[in-house]
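Visitor: Take the given structure of chain Z and dock chain R to it, following the hints.
2 protein chains.
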Amino acid sequence: MEGYALKYKEELLENVIPFWLKYSKDTEYGGYFTCLERDGKVFDTDKFMWLQGREVWQFATLYDKVENNPEWLDMAIHGAEFMKKYGRDKEGNWYFSLNQQGRPLVQPYNIFSDCFAAMAFGALYKVHQKDEYADITVKTFENILKRRDNPKGKYNKAYPGTRDLKNFALPMILCNLSLELEHLIDKSIVDNLIEETIHEVMDVFYHEETGLILENVNTNGSFNDSFEGRVLNPGHAIEAMWFVMDLAKRLDDSKLIQTATTRAYKMMDHGWDREHGGILYFMDIKNKPPQQLEWDQKLWWVHLETLVCLAKIYQLTEDGEALRRFKIVHDYTWEHFRDPAYGEWFGYLNRQGNVSLPLKGGKWKGCFHVPRGLLQVWQTLDKVTADKVI
Amino acid sequence: MEGYALKYKEELLENVIPFWLKYSKDTEYGGYFTCLERDGKVFDTDKFMWLQGREVWQFATLYDKVENNPEWLDMAIHGAEFMKKYGRDKEGNWYFSLNQQGRPLVQPYNIFSDCFAAMAFGALYKVHQKDEYADITVKTFENILKRRDNPKGKYNKAYPGTRDLKNFALPMILCNLSLELEHLIDKSIVDNLIEETIHEVMDVFYHEETGLILENVNTNGSFNDSFEGRVLNPGHAIEAMWFVMDLAKRLDDSKLIQTATTRAYKMMDHGWDREHGGILYFMDIKNKPPQQLEWDQKLWWVHLETLVCLAKIYQLTEDGEALRRFKIVHDYTWEHFRDPAYGEWFGYLNRQGNVSLPLKGGKWKGCFHVPRGLLQVWQTLDKVTADKVI
Numbered sequence: 001m002e003g004y005a006l007k008y009k010e011e012l013l014e015n016v017i018p019f020w021l022k023y024s025k026d027t028e029y030g031g032y033f034t035c036l037e038r039d040g041k042v043f044d045t046d047k048f049m050w051l052q053g054r055e056v057w058q059f060a061t062l063y064d065k066v067e068n069n070p071e072w073l074d075m076a077i078h079g080a081e082f083m084k085k086y087g088r089d090k091e092g093n094w095y096f097s098l099n100q101q102g103r104p105l106v107q108p109y110n111i112f113s114d115c116f117a118a119m120a121f122g123a124l125y126k127v128h129q130k131d132e133y134a135d136i137t138v139k140t141f142e143n144i145l146k147r148r149d150n151p152k153g154k155y156n157k158a159y160p161g162t163r164d165l166k167n168f169a170l171p172m173i174l175c176n177l178s179l180e181l182e183h184l185i186d187k188s189i190v191d192n193l194i195e196e197t198i199h200e201v202m203d204v205f206y207h208e209e210t211g212l213i214l215e216n217v218n219t220n221g222s223f224n225d226s227f228e229g230r231v232l233n234p235g236h237a238i239e240a241m242w243f244v245m246d247l248a249k250r251l252d253d254s255k256l257i258q259t260a261t262t263r264a265y266k267m268m269d270h271g272w273d274r275e276h277g278g279i280l281y282f283m284d285i286k287n288k289p290p291q292q293l294e295w296d297q298k299l300w301w302v303h304l305e306t307l308v309c310l311a312k313i314y315q316l317t318e319d320g321e322a323l324r325r326f327k328i329v330h331d332y333t334w335e336h337f338r339d340p341a342y343g344e345w346f347g348y349l350n351r352q353g354n355v356s357l358p359l360k361g362g363k364w365k366g367c368f369h370v371p372r373g374l375l376q377v378w379q380t381l382d383k384v385t386a387d388k389v390i
Numbered sequence: 001m002e003g004y005a006l007k008y009k010e011e012l013l014e015n016v017i018p019f020w021l022k023y024s025k026d027t028e029y030g031g032y033f034t035c036l037e038r039d040g041k042v043f044d045t046d047k048f049m050w051l052q053g054r055e056v057w058q059f060a061t062l063y064d065k066v067e068n069n070p071e072w073l074d075m076a077i078h079g080a081e082f083m084k085k086y087g088r089d090k091e092g093n094w095y096f097s098l099n100q101q102g103r104p105l106v107q108p109y110n111i112f113s114d115c116f117a118a119m120a121f122g123a124l125y126k127v128h129q130k131d132e133y134a135d136i137t138v139k140t141f142e143n144i145l146k147r148r149d150n151p152k153g154k155y156n157k158a159y160p161g162t163r164d165l166k167n168f169a170l171p172m173i174l175c176n177l178s179l180e181l182e183h184l185i186d187k188s189i190v191d192n193l194i195e196e197t198i199h200e201v202m203d204v205f206y207h208e209e210t211g212l213i214l215e216n217v218n219t220n221g222s223f224n225d226s227f228e229g230r231v232l233n234p235g236h237a238i239e240a241m242w243f244v245m246d247l248a249k250r251l252d253d254s255k256l257i258q259t260a261t262t263r264a265y266k267m268m269d270h271g272w273d274r275e276h277g278g279i280l281y282f283m284d285i286k287n288k289p290p291q292q293l294e295w296d297q298k299l300w301w302v303h304l305e306t307l308v309c310l311a312k313i314y315q316l317t318e319d320g321e322a323l324r325r326f327k328i329v330h331d332y333t334w335e336h337f338r339d340p341a342y343g344e345w346f347g348y349l350n351r352q353g354n355v356s357l358p359l360k361g362g363k364w365k366g367c368f369h370v371p372r373g374l375l376q377v378w379q380t381l382d383k384v385t386a387d388k389v390i
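From first to last, the protein sequence lines are chains Z and R. Under this note's numbering, the first residue of the first sequence is numbered 1, with each subsequent residue one higher. Under this note's numbering, the first residue of the second sequence is numbered 1, with each subsequent residue one higher.
So here's chain Z without its partners, still in its complex pose (with noise of 0.2 angstroms):
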């Protein structure tokens, strides 16, 4: 696995990471741009909390884990720095998205705003211990927790009583949460929060019948035979299922470890296109027709996180059958996202592999997937190698 190892790093590191420091600092306003074309050219200025978010916890994290480079510290710093001025209503609910300048543009009516404010912030204090960081992180977080049974809040569009249905991507980034703040939650806390994702992850999402996790469920945990209670979303389960595992091994579990891995494999299978490859990105459970018209297309997130979740059930099992299954997804992705031409990667492709949209960034596309999915395969398959040396 070295080879594969050595591969993902300098991925990283020479073609993805310089991309990002090149084209998404905004040096006028502060924060960064993520709407870039294929060349890196900057096609729209709005700025996105998700993605400002999550492109500082890239930085500070490379500069975690990787080396104290001082330009990623910088980069983070950069990001941090505007979100915190200009991110946040009066209740510390993170917008949605803001213009160039930092006026606020669409409300703070999505909690995952908040999850990717809390993993940046506590990423950087991770590396650069001012308090005010670890206060918005703090803060954010108890929020999340606050606002956690209603998300969505005012913006709700279901009307109570008649179909109440929860979603299984609040409790899965939990799940990955819990872990990334644990050095600044209460021990109590974290602990029970891991114990209770997990059961909603593994349990409560479980759909017993066919082996497969679902995307909502009512309240009680039982399926519901809607549009949305049978929407299958291959990429989000088999991502939830490393962010599992992870906890697994804090927790020496190698049952649950078990478990997880013959979900993936499940959904793997499932939702792999067996006339193009890839994997799809929605299904319906019952081989309805799926509302969302994309549901055919082959995203960049999916795939790179089935290396991640792959690479890592290799590193704790070492089942010849994740490297066999590592080795399909790695070519199919290299193949069809990478651009050798002018760095990082493409993110839409339709059904037969063709690329969709040339886009490099935009509303949902950032520096995030591929720097993390890169490294996280790098960082568990040297793990491996370092693993089998000694």
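These are computed hints drawn from the structure, not numbers from a lab. Check the hints yourself; a few may be wrong.
No copy labels: a pair is met if it fits in one copy or bridges any two.
Unchecked claim - Straight-line C-alpha distance at most 20 angstroms; calculated EDC-like pairs for lysine to aspartate or glutamate:
| # | residue 1 | residue 2 |
| --- | --- | --- |
| 1 | K154 | D89 |
| 2 | K363 | E294 |
| 3 | K41 | D225 |
| 4 | K154 | E91 |
| 5 | K286 | D39 |
| 6 | K25 | E132 |
| 7 | K84 | D26 |
| 8 | K383 | E321 |
| 9 | K288 | D46 |
| 10 | K288 | D339 |
| 11 | K255 | D191 |
| 12 | K41 | D284 |
| 13 | K187 | E142 |
| 14 | K286 | E37 |
| 15 | K152 | D382 |
| 16 | K157 | D46 |
| 17 | K255 | E196 |
| 18 | K288 | E37 |
| 19 | K288 | D39 |
| 20 | K363 | E228 |
Guide: The following block gives chain R in isolation, referenced to the frame of chain Z:
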């Protein structure tokens, strides 16, 4: 054109309307099923108010404009009674969706639910003069006018003052609605509305520099260089041009007909996919990557509205160019969207023109654009033929 007129008539009466009569009636709880698989099988029972209203309108309009077939009137009343009983909140706002039994699922955040409800009850009243149908029409219409400056109300997520935009869809629909409801609304209101909506559609959303029609502009009518401000929806603009032509015909304004024709051609040329044929769904006026992942798909309604528009141009101007264009769009549309095996038409094709979702109806596709388009083209071309015989 006689051959085309007959073709559209036969398709409507023998292939499309029988499909909806057979499969969409919910005889148990009332209203219509619109989520229908290729062969008509119901795959979901949710009831979306847009599509309930549109189907009522469609059957009432067939009864009015084609023949007094009692089965059509029964079908229209069947849907209207369900809507009347379950469709509104206490303030008379129309919910976005209900479950099969009629319990509200999604709050009345969408003013187009109200627009299609008004159209439905207005058309039904024409052929079945129950006072309560007139009353519902008028009250709903008044409510639309009251809500039009802030159509999303409390569900509006835009932060006020940073980038206040207005959207093309509402003036466009009001253009059509003002004619649909003129038998029930004061003449002075209708006349003012016609003048105002023609101004909005033809002046405010028109982008002079390119000759194209925008989906969103600043509240003062100027161009806004953002994702929302740059977006083009060729099918939407082309549909609006035939609404305007209906008004222009009524006003006997040949200059307006000519302007609408020029703009419709421009949008068709701009939206036409030179690589694979068909008209693209979304574009960016500056050729930047659009936000909509489904931007390059080919949608049924876009093509039907284009055929209606071209038929009307031909009727009003006898321009050979309209006929030439009609034949090209006709050939593409009938070859790719029509389903000779099971009746009705496919709705969603990928860029290459292959069926991406094999459904005949769903959350957004119901008994509306295909039958309305076929009816409009048939009766428009029939009129050309009749005029020529005279």
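Visitor: Each of the hints needs a verdict: does it hold here or not?
Guide: Here is what the structure says about each hint:
When the C-alpha separation of K154 and D89 is checked against a cutoff of 20 angstroms, the pair qualifies both within a copy, at 15 angstroms, and between copies, at 17 angstroms. Taking the closest pair of Cα atoms, K363 and E294 come within 20 angstroms of each other both inside a single copy (16 angstroms) and across two copies (15 angstroms). Proximity of K41 and D225 under a CA criterion of 20 angstroms is satisfied inter-copy only: 16 angstroms between copies versus 45 angstroms inside one chain copy. Taking the closest pair of Cα atoms, K154 and E91 come within 20 angstroms of each other both inside a single copy (14 angstroms) and across two copies (19 angstroms).
Proximity of K286 and D39 under a CA criterion of 20 angstroms is satisfied inter-copy only: 17 angstroms between copies versus 41 angstroms inside one chain copy. Taking identical chains as interchangeable, the C-alpha atoms of K25 and E132 are never at most 20 angstroms apart, the minima being 23 angstroms within one chain and 61 angstroms between chains. For the identical chains of this complex, K84 and D26 are intra-copy neighbours only, at 15 angstroms inside a copy versus 54 angstroms across copies, given an alpha-carbon limit of 20 angstroms. In this assembly of identical chains, the alpha carbons of K383 and E321 lie at most 20 angstroms apart only when taken from the same copy (18 angstroms versus 69 angstroms across copies).
Taking the closest pair of Cα atoms, K288 and D46 come within 20 angstroms of each other only across two copies (14 angstroms); inside a single copy the shortest separation is 36 angstroms, beyond that limit. With identical chains, the CA atoms of K288 and D339 are at most 20 angstroms apart between copies only, with a shortest distance of 19 angstroms across copies and 35 angstroms within one. Proximity of K255 to D191 under the C-alpha cut-off of 20 angstroms is restricted to the intra-copy arrangement: shortest distance 19 angstroms within a copy versus 73 angstroms between copies. In the homo-oligomer, the alpha carbons of K41 and D284 lie at most 20 angstroms apart only across protomers (16 angstroms), although the nearest pairing inside one protomer, at 37 angstroms, exceeds that limit.
In this assembly of identical chains, the alpha carbons of K187 and E142 lie at most 20 angstroms apart only when taken from the same copy (14 angstroms versus 58 angstroms across copies). Within a single copy, K286 and E37 get their C-alpha atoms only as close as 38 angstroms, which misses the 20 angstroms cut-off; across copies the closest is 13 angstroms, which meets it. Taking the shortest alpha-carbon separations for K152 and D382, neither the intra-copy value of 41 angstroms nor the inter-copy value of 52 angstroms comes in at or below 20 angstroms. Proximity of K157 to D46 under the C-alpha cut-off of 20 angstroms is restricted to the inter-copy arrangement: shortest distance 16 angstroms between copies versus 26 angstroms within a copy.
With identical chains, the CA atoms of K255 and E196 are at most 20 angstroms apart within one copy only, with a shortest distance of 17 angstroms there and 68 angstroms across copies. Only between protomers do K288 and E37 lie at most 20 angstroms apart by alpha-carbon distance; the minimum there is 8 angstroms, versus 35 angstroms within a single protomer. With identical chains, the CA atoms of K288 and D39 are at most 20 angstroms apart between copies only, with a shortest distance of 13 angstroms across copies and 39 angstroms within one. Taking the closest pair of Cα atoms, K363 and E228 come within 20 angstroms of each other only across two copies (12 angstroms); inside a single copy the shortest separation is 23 angstroms, beyond that limit.
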